[in-house]
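When you get a sec, could you build the whole thing from the sequences and use the hints?
Keeping their order, the protein sequence lines are chains P and X. The numbering of the first sequence is our numbering, which starts it at 29 and goes up by one. The numbering of the second sequence is our numbering, which starts it at 6 and goes up by one.
Treat the hints with care, as some may be off.
[Stated by the list, open to error] Dumping the calculated BS3-like pairs for lysine-lysine here, alpha-carbon to alpha-carbon at most 25 Å:
| # | chain 1 | residue 1 | chain 2 | residue 2 |
| --- | --- | --- | --- | --- |
| 1 | X | Lys-290 | P | Lys-441 |
| 2 | X | Lys-224 | P | Lys-177 |
| 3 | P | Lys-301 | P | Lys-382 |
| 4 | X | Lys-187 | P | Lys-177 |
| 5 | P | Lys-293 | P | Lys-381 |
| 6 | X | Lys-334 | P | Lys-441 |
| 7 | X | Lys-306 | P | Lys-441 |
| 8 | X | Lys-231 | P | Lys-322 |
| 9 | P | Lys-370 | X | Lys-224 |
| 10 | X | Lys-306 | P | Lys-433 |
| 11 | P | Lys-322 | P | Lys-388 |
| 12 | X | Lys-334 | P | Lys-439 |
| 13 | P | Lys-287 | X | Lys-231 |
| 14 | X | Lys-290 | P | Lys-433 |
The set of hints was computed from the structure by calculation and includes no laboratory data. Please read all numbers here as calculations on a predicted model, not as lab measurements.
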Amino acid sequence: MAYVSMGEAHRRITEYLNRFCDAVSYQDSSMLCRLLSFSSNSPSLLSLADALNVFQDASSLIRQSDKFSEYGEILAHLFRSLQSYRVGNLVEAYLAFEKFANAFVQEFRNWESAWALEALYVVCYEVRILAEKADKELTSNGKSPEKLKAAGSLLMKVFGVLAGKGPKRVGALYVTCQLFKTYFKLGTVNLCRSVIRSIETARIFDFEEFPRRDKVTYMYYTGRLEVFNENFPAADTKLSYALQHCNPERERNIRMILKYLIPVKLSLGVIPKDELLQKYNLHEYMNVVQALRKGDLRLLRHALQEHEDRYVFPLTSYCTYLHLNCIVAVFLRSGVYLVLEKLELQVYQRLMKKIYIIQKLSDPARAHQLKLEVIAKALRWLEIDMDLDEVECIMTILIYKNLVKGYLAHKSKVVVLSKQDPFPKLNGKPVGS
Amino acid sequence: MYLATEAMTILRVEILLTCPSSSELALLCVLSGKESQENACVISQCLRGFMETPLNHPQISLSRRTLSAADVQASDVRPLSVLEETLSYLLSLLDSREHPFEVVHDFIFDRTRSIRQDLSIQNLASEGVIHLYEEIVKFHVISRQRLQGCSGTSISSMHHLNMEQLAKTLTTLYNIYDANRKPDYIYENEAEFRSLYVLLHLNTSSGVMGEPLSLWFRKLTSNLIKSKEMCFVRKLLRSYRNGNYRSFLRTTASEATYLQYCISEPHIREMRSFAVECINNVCYKLQPYPLLRLSHNLMMKEMDVESLCHECGLEIRTDSDGSIVLPTKQTNFCRPKEGFRNYDLIGIEVERLL
Numbered sequence: 029m030a031y032v033s034m035g036e037a038h039r040r041i042t043e044y045l046n047r048f049c050d051a052v053s054y055q056d057s058s059m060l061c062r063l064l065s066f067s068s069n070s071p072s073l074l075s076l077a078d079a080l081n082v083f084q085d086a087s088s089l090i091r092q093s094d095k096f097s098e099y100g101e102i103l104a105h106l107f108r109s110l111q112s113y114r115v116g117n118l119v120e121a122y123l124a125f126e127k128f129a130n131a132f133v134q135e136f137r138n139w140e141s142a143w144a145l146e147a148l149y150v151v152c153y154e155v156r157i158l159a160e161k162a163d164k165e166l167t168s169n170g171k172s173p174e175k176l177k178a179a180g181s182l183l184m185k186v187f188g189v190l191a192g193k194g195p196k197r198v199g200a201l202y203v204t205c206q207l208f209k210t211y212f213k214l215g216t217v218n219l220c221r222s223v224i225r226s227i228e229t230a231r232i233f234d235f236e237e238f239p240r241r242d243k244v245t246y247m248y249y250t251g252r253l254e255v256f257n258e259n260f261p262a263a264d265t266k267l268s269y270a271l272q273h274c275n276p277e278r279e280r281n282i283r284m285i286l287k288y289l290i291p292v293k294l295s296l297g298v299i300p301k302d303e304l305l306q307k308y309n310l311h312e313y314m315n316v317v318q319a320l321r322k323g324d325l326r327l328l329r330h331a332l333q334e335h336e337d338r339y340v341f342p343l344t345s346y347c348t349y350l351h352l353n354c355i356v357a358v359f360l361r362s363g364v365y366l367v368l369e370k371l372e373l374q375v376y377q378r379l380m381k382k383i384y385i386i387q388k389l390s391d392p393a394r395a396h397q398l399k400l401e402v403i404a405k406a407l408r409w410l411e412i413d414m415d416l417d418e419v420e421c422i423m424t425i426l427i428y429k430n431l432v433k434g435y436l437a438h439k440s441k442v443v444v445l446s447k448q449d450p451f452p453k454l455n456g457k458p459v460g461s
Numbered sequence: 006m007y008l009a010t011e012a013m014t015i016l017r018v019e020i021l022l023t024c025p026s027s028s029e030l031a032l033l034c035v036l037s038g039k040e041s042q043e044n045a046c047v048i049s050q051c052l053r054g055f056m057e058t059p060l061n062h063p064q065i066s067l068s069r070r071t072l073s074a075a076d077v078q079a080s081d082v083r084p085l086s087v088l089e090e091t092l093s094y095l096l097s098l099l100d101s102r103e104h105p106f107e108v109v110h111d112f113i114f115d116r117t118r119s120i121r122q123d124l125s126i127q128n129l130a131s132e133g134v135i136h137l138y139e140e141i142v143k144f145h146v147i148s149r150q151r152l153q154g155c156s157g158t159s160i161s162s163m164h165h166l167n168m169e170q171l172a173k174t175l176t177t178l179y180n181i182y183d184a185n186r187k188p189d190y191i192y193e194n195e196a197e198f199r200s201l202y203v204l205l206h207l208n209t210s211s212g213v214m215g216e217p218l219s220l221w222f223r224k225l226t227s228n229l230i231k232s233k234e235m236c237f238v239r240k241l242l243r244s245y246r247n248g249n250y251r252s253f254l255r256t257t258a259s260e261a262t263y264l265q266y267c268i269s270e271p272h273i274r275e276m277r278s279f280a281v282e283c284i285n286n287v288c289y290k291l292q293p294y295p296l297l298r299l300s301h302n303l304m305m306k307e308m309d310v311e312s313l314c315h316e317c318g319l320e321i322r323t324d325s326d327g328s329i330v331l332p333t334k335q336t337n338f339c340r341p342k343e344g345f346r347n348y349d350l351i352g353i354e355v356e357r358l359l
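And the structure:
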């Protein structure tokens, strides 16, 4: 921390107080945002924090002027939070910021227009970020992390303030997205249900009124929830919306959307181009896509297994990150593993199609008859040992689920394919629907 | 036992028994709310039903204490050692043949809830507590299986309540496993008991415990994911979701523990009826499917396959060479009703089940 004289400290604090009060008086939201954004670590905020730690009694400065004392409670908590933040005492920083946020939201309610919405967004963002940092500090000291959970409660309160008929309601989706991020981090995604219900059913909200950025984030998270619930058509709709409306320059965001959209599309029979996977660094899907194209069951199983063993890095699920230092698989951690496992039937379908095509080249008259023994042999080439009973079982399922058209002549241990379109495409519907 | 009072307060009956033939306390429950002659009479009848020694035996003392359910004092809560003995005694009654299973279940059900309540009040989380919860889970799992074979108007609600308590007990057990966990450490039976969650959620719509499997897997440690028990249920999950009845049945027969088998039974039935449906649907009409072959594929006795086909609304016939066959492309197929009978899984290793 650089040396600051008392005089300089006094000057910095007074300057901040003036800026804050002027921002409120002149309804200058962007100025207010800059004054509240702790996590930006801007030089002006850091230098203010140094000044506060030298001056120590900023409350006396606030009380001295009517202009400042009007926002006395807000500013006192804000300063305490900033001081603690600067010296790395993150739990104290969060606690004071929470009090500031409560006081700020009370004032916000009294302002008739929605001029301070952007500043409120900053407050909500900082509450979440500070809470995460505070929980890390608690865990490192062997204590139970609880601040992010508390932040969730505060954000719900803010949501309630915005869920009204006036112009402030367009801010509700931003707060919803902050709640999603909180609940996903905590692993309590079931709590998303109540806000989703409010957004999607309350008459005061018109989804099209919300800012585009918030709509994209909302659709991304609700799309992920549909993936977890294995509701693929709904997941496709939401994640595709997010992709179409996402800023094309935000490559990181596009990658995040594709990470979930790709397995959903695969389960609906839509295969992405390799260029897309390369452009957005989605190499973990390359072998899966290849397996689907070639009908290579061994490659699919290996691809899923590889990303269980090979990709190891600290767990990002919040609670276990704080409590443990464990290693989990890419696909399991992101929640798409079960989606990818279900691609097996499509891989089988592709394999049968390849056998059919090869047979058509060598003996067109008999190409439509797939002997179970030949299928078993093809699987053995792929190092998959399967007896004829299980091969018969697989073919029975493929025909039943309309991935193969034909019938099973079990006596002769042959599948007789339909002469027309024996391997129907999924056409955007999940297998078996 | 739990008795309903006029005010619908839950009562627990406390009876302290000492018996000359057994060393310590056999049963402990707490009567709270209003005592009445009627309640006392019911209690005595129930006790006579379960105790070998008659209640008027000179060496049995019977005492009752009246407590408010809301005012449980620390001194009223049984210590861990007493809870362990109580549970051990209760579970020894599971194989009792003197009474119908639903009566035995009901008796043990109430008392295990009481044990869990005492554990919860004390907020204990030791290996001994884990063992108690694991044993209670076992009770609920075995009950789930055995209640299937019972009949009566109350069985359906008993089954529902049993599943509810199974879910609650599992949730508490998992929370205790997670609390104060050392890095990379798994408790002795944790992998098996975690695997039960997967088996309860094979079907995406089952939602017994609320959280979808995709989310649930995210929270597991790497050691748990790679454990033998979790690999087994993940294989079963893949087979189930892909409809691979052959792999599902074979894997269950060769690798399931007793608890896993009990939980899997409804899915075994489901996969078998699905197999019959598929075969009826896809096989060549002029080649009826031999029941002997079907019994081999479904790992059932041939006469059980006959029974299954009938339950699915399908007719079977005897072929010219004397073999029993399933004519295919029948249009009468229907999924068997809930609670239809269990059939043995041929090939399951009995020793592992004991």
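Consistency of the hints with the structure:
About 14 Å separates the Cα atoms of Lys-290(X) and Lys-441(P), which keeps this hinted pair within 25 Å; it holds. At roughly 17 Å between alpha-carbon atoms, Lys-224(X) and Lys-177(P) fall within 25 Å of each other, so this suggested pair holds. Simply put, Lys-301(P) and Lys-382(P) have alpha-carbon atoms about 20 Å apart, close enough for the 25 Å limit, and the pair holds. With a C-alpha separation of about 23 Å, the suggested pair Lys-187(X) and Lys-177(P) falls inside the 25 Å cut-off, and the hint holds.
Under the criterion of a C-alpha separation no larger than 25 Å, the hint pairing Lys-293(P) with Lys-381(P) is consistent with the structure, at around 21 Å. Taking the CA atoms of Lys-334(X) and Lys-441(P), the gap is near 18 Å; set against the 25 Å cutoff, the hint holds. Only pairs whose Cα atoms come within 25 Å are accepted, and Lys-306(X) paired with Lys-441(P) is accepted, the gap being roughly 23 Å. With a CA separation close to 29 Å, the supplied pair Lys-231(X) and Lys-322(P) exceeds the 25 Å bound.
For the hint linking Lys-370(P) to Lys-224(X), the alpha-carbon distance of about 21 Å falls within 25 Å, and the restraint holds. Straight-line distance between C-alpha atoms of Lys-306(X) and Lys-433(P) comes to about 32 Å, which puts the hinted pair past the 25 Å bound. Simply put, Lys-322(P) and Lys-388(P) have alpha-carbon atoms about 17 Å apart, close enough for the 25 Å limit, and the pair holds. The hinted pair formed by Lys-334(X) and Lys-439(P) meets the criterion: a straight-line CA distance of about 16 Å does not exceed 25 Å.
Restraint check for Lys-287(P) and Lys-231(X): the C-alpha separation of about 24 Å stays at or below 25 Å, so the hint holds. At roughly 15 Å between alpha-carbon atoms, Lys-290(X) and Lys-433(P) fall within 25 Å of each other, so this suggested pair holds.
Of the numbered hints given earlier, the model fails hints 8, 10; all others are met.
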